[in-house]
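Peer 1: Given only the sequences and the hints, what does the whole structure look like? Please build it.
Protein sequences, first through last, are from chains A and B.
Under this note's numbering, read the first sequence as residues 1 to 41, first letter to last.
Under this note's numbering, read the second sequence as residues 1001 to 1360, first letter to last.
Be aware that a few hints might be false.
Said to hold, decoys possible - Keeping only pairs whose Cα atoms sit at most 25 angstroms apart, straight-line, the calculated PhoX-like set for lysine-lysine is:
id: 1; chain 1: B; residue 1: K1258; chain 2: A; residue 2: K25
id: 2; chain 1: B; residue 1: K1067; chain 2: A; residue 2: K25
id: 3; chain 1: A; residue 1: K25; chain 2: B; residue 2: K1180
id: 4; chain 1: A; residue 1: K31; chain 2: B; residue 2: K1109
id: 5; chain 1: B; residue 1: K1180; chain 2: A; residue 2: K31
id: 6; chain 1: B; residue 1: K1007; chain 2: A; residue 2: K25
id: 7; chain 1: B; residue 1: K1081; chain 2: A; residue 2: K25
id: 8; chain 1: A; residue 1: K31; chain 2: B; residue 2: K1120
id: 9; chain 1: B; residue 1: K1274; chain 2: A; residue 2: K25
id: 10; chain 1: A; residue 1: K31; chain 2: B; residue 2: K1258
id: 11; chain 1: A; residue 1: K31; chain 2: B; residue 2: K1171
id: 12; chain 1: B; residue 1: K1171; chain 2: A; residue 2: K25
id: 13; chain 1: B; residue 1: K1258; chain 2: B; residue 2: K1274
Since the hints were derived computationally from the structure, they do not count as laboratory data.
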Amino acid sequence: MGVAELNPFYAAILEADKDSFIYLKARYIDKSMIVHADDFL
Amino acid sequence: MLNTGTKRLSVAENFIDVMMAHPTFEKTISGYQHNLTGTYFAAGQLTPDANKSLYTPIYRLTIKPDKYTVVIYDRNTFFIKIFNLAHFDKSRYRTLVQALIDCDVFIHKARVADPTAKHKRESMRLILKRDFGLHEYEWGLTFNGEISNILLPVIQREAIVNIDDCYYLNKGKRIQCKIKVYNVSALAEDRRGKPYQYIVGDLMKFEVTFQREFFIHHGYATISSFTSQIAIFSLLLTDILKQFNQHLLKKLTKFETKKLYSATGTTKGNFMDKLTNPDSLQTLLDGDLLALKKQLNALFTVIEAHTSATSANTAATEAHTIAVNANTAALTAANNAHFLSESSAFVKEVEAKTIKENFV
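Peer 2: See below:
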């Protein structure tokens, strides 16, 4: 649900406000590996 | 395997094979590593005329465990991208946790011998909370045609960088929020291939991307608090509007400001008030309050029922005690009477015996 659907003022100035995303990042992982092109040969 | 004593996110031994076997697996080149120096260059940093034979391409692997989640592995780091937050009224993490269990990349060890589905979910939930941190959060506002028409010249005038017709209103390596504004209508599918231009009625999109630097300095913005879209909006409202005010509203000329107030039916005094005190939050607050009141009333009813049951019990106990006391008293009286009568008979018998003996 977006704020424009709840609030008349936001609805008056916005067309949409639903497009949001979260990026999470792992702190540390227990393997160390960088994927090179050779890994797909 | 690394062993530094630090608690780390456990991933499957063959996690790359697991990702490659996933039906949604994709790989893209995210950058290049110099073969001799080991220096890393992001894909866009390497000039087109660079000798590619001197570099080894580094791949970014992605899978999509469900249509709202993307798991990314890039340069020894895992990322999880969660889309379409507005789709979820309640916490996004309930479905995310199941998606992460299903993709088999992360090892989740439930602390029981025979874990149920609930144990597994709890274990993955703890992994999310402990081993992941907020990296980016993007919030987008698409203004209607009238407001877009007022803001467009401001954006074109004030933009610091223009990359692929996206206007960036600030820049810097350690900025907490990245502000990007662009004509979302001109980039739509039906206008692809046509010259990028503004047509009256086009919509401008204002995007605030909260960066890692922001989350380092704002302790209240945590994974646990980033639940539904509305909850996140309530949490970041002041910060979103601060950016909006600093990078857009303050750049308007007097004439543009007047046009904006007229289009929004506001005045200089109440425009920001309406933005900072939105009814939506009040509605949410009212909703929460109502739910709390309902819970409280239900609790009162339970307490009342319990109290009257206890009172009835007490009264019954009291009546019982009185009856027992009366019984005890009656028994004591009867016992006493019996004892007295027995004693008196015994005394009489002894007396009679004594008299008889004396005569003999």
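Peer 1: Run every hint past the structure and note whether it holds.
Peer 2: Consistency of the hints with the structure:
no. : hint              : result
1   : K1258/B - K25/A   : violated, 43 angstroms
2   : K1067/B - K25/A   : holds, 19 angstroms
3   : K25/A - K1180/B   : holds, 22 angstroms
4   : K31/A - K1109/B   : holds, 17 angstroms
5   : K1180/B - K31/A   : violated, 36 angstroms
6   : K1007/B - K25/A   : holds, 15 angstroms
7   : K1081/B - K25/A   : holds, 9 angstroms
8   : K31/A - K1120/B   : holds, 22 angstroms
9   : K1274/B - K25/A   : violated, 35 angstroms
10  : K31/A - K1258/B   : violated, 58 angstroms
11  : K31/A - K1171/B   : violated, 34 angstroms
12  : K1171/B - K25/A   : holds, 22 angstroms
13  : K1258/B - K1274/B : holds, 16 angstroms
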